Amino acid sequence: GQNIDQPTEMTATEGAIVQINCTYQTSGFNGLFWYQQHAGEAPTFLSYNVLDGLEEKGRFSSFLSRSKGYSYLLLKELQMKDSASYLCAVTNGDYKLSFGAGTTVTVRA
Amino acid sequence: IAGITQAPTSQILAAGRRMTLRCTQDMRHNAMYWYRQDLGLGLRLIHYSNTAGTTGKGEVPDGYSVSRANTDDFPLPLASAVPSQTSVYFCASTTGFSGANVLTFGAGSRLTVL
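Chains S and P supply the protein sequences, listed in that same order. Per the numbering used here, the first sequence starts with residue 469, numbered consecutively. Per the numbering used here, the second sequence starts with residue 233, numbered consecutively.
What the hints contain is simulated information worked out from the structure, not anything from laboratory work. Predicted, not measured: the structure shown is a model, and the values here were computed from it. Do not take every clue at face value.
Okay, the calculated beta carbon distance ranges per label pair [claimed, not checked]:
1. S/K549 to P/A234: 41 to 49 Å
2. S/L522 to P/A239: 39 to 47 Å
3. S/G521 to P/G285: 38 to 46 Å
To give a feel for the contact side, a few chain P residues facing chain S, derived at Cβ under 8 Å [to be verified]:
4. T252
5. M259
6. A263
7. L275
8. N282
9. A284
10. G290
11. V292
12. Y296
13. F322
14. F337
15. A339
16. G340
Note that the Cβ used here is the ideal one computed from N, Cα and C, for glycine as well.
When you get a sec, could you build the whole thing from the sequences and use the hints?
Okay, structure coming up:
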């Protein structure tokens with residue numbers, strides 16, 4: 469089975485940096501995903517890591533350590549539109565994604 | 233516009249009634265999924281289909297039964313709805329090849345069973 473943990477809520481100020489941690493224990497591993505979900509909307513893809521290290525994509529970066537079962541999503545230069553839930557998800561290569569419960573980020577002015 | 237269409241957007245249903253949540257994609261994706269999302273529990277996989285004609289059970293399959301007759305459609309029938317099936321249901325699809333199977337999600341169907 470899959471066990472994926474991430475904090476429930478985080479609050480940060482506009483322009484700041486926030487780091488959302490995700491730890492996982494899985495039977496097999498073939499990649500970790502981050503999705504963004506605004507309230508009342510569908511999740512949308514942010515990033516994918518399969519090898520150790522940092523993947524940078526504009527203001528968002530995602531890091532993976534497979535030996536530690538750990539990932540983080542880094543949001544820089546926070547904007548009000550970044551207020552959303554961020555979902556960590558893991559695949560073991562069988563076409564299925566298992567999701568954590570999500571982290572709700574609130575950006576304050 | 234290519235993507236996934238779910239219907240209905242929202243539905244209130246009396247317990248014991250039947251209905252089908254519909255999901256259609258026009259991206260010719262092989263794999264399709266049904267997730268439910270409940271507060272504090274995140275997205276949980278109900279059933280999936282790697283290709284037309286095959287289905288599999290996810291984390292929370294009890295009370296749901298699916299089939300997939302063609303590539304484009306993956307309906308989720310509720311034979312006799314119960315209050316515990318109150319949730320937001322998301323359909324998703326992906327090409328199905330191993331590796332970065334990025335899921336594309338539909339807009340969701342909010343179901344309330346009274």
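Checklist entry - Do the numbers back the hint for P/L275, that is, is its least Cβ distance to chain S under 8 Å? => result It holds, given that the least Cβ distance between P/L275 and chain S is near 4 Å, below 8 Å.
Checklist entry - Is it true that the C-beta distance of S/K549 to P/A234 lies inside 41 to 49 Å, as the hint says? => result violated, 25 Å
Checklist entry - Can we keep the P/V292 interface hint, with Cβ of chain S closer than 8 Å? => result violated, 12 Å
Checklist entry - Minimum Cβ distance from P/N282 to chain S below 8 Å? => result Holds, about 6 Å.
Checklist entry - Hint check: is the beta carbon of P/A284 less than 8 Å from a beta carbon of chain S? => result violated, 14 Å
Checklist entry - Taking 8 Å as the limit, does the beta-carbon of P/G340 come near enough to a beta-carbon in chain S? => result holds, 6 Å
Checklist entry - If you check the beta carbons of S/L522 and P/A239, does the distance land in 39 to 47 Å? => result Holds, since S/L522 and P/A239 (Cβ atoms, about 41 Å apart) stay within the stated range.
Item to check | Interface hint outcome for P/G290 [beta carbon to chain S under 8 Å] | outcome: holds, 7 Å
Next on the checklist: Min Cβ distance, P/A263 to chain S: is it shorter than 8 Å?
Outcome noted: With a closest approach of 5 Å, the P/A263 hint holds.
Next on the checklist: Taking 38 to 46 Å as the stated bounds, is the beta-carbon spacing between S/G521 and P/G285 within them?
Outcome noted: holds, 39 Å
Item to check | Hint check: 8 Å Cβ-Cβ cutoff, P/F322 to chain S | outcome: holds, 6 Å
Checklist entry - Does P/M259 pass the interface check with chain S, least Cβ-Cβ distance below 8 Å? => result violated, 14 Å
In summary, the numbered hints that this structure violates are 1, 4, 5, 9, 11 and 12.
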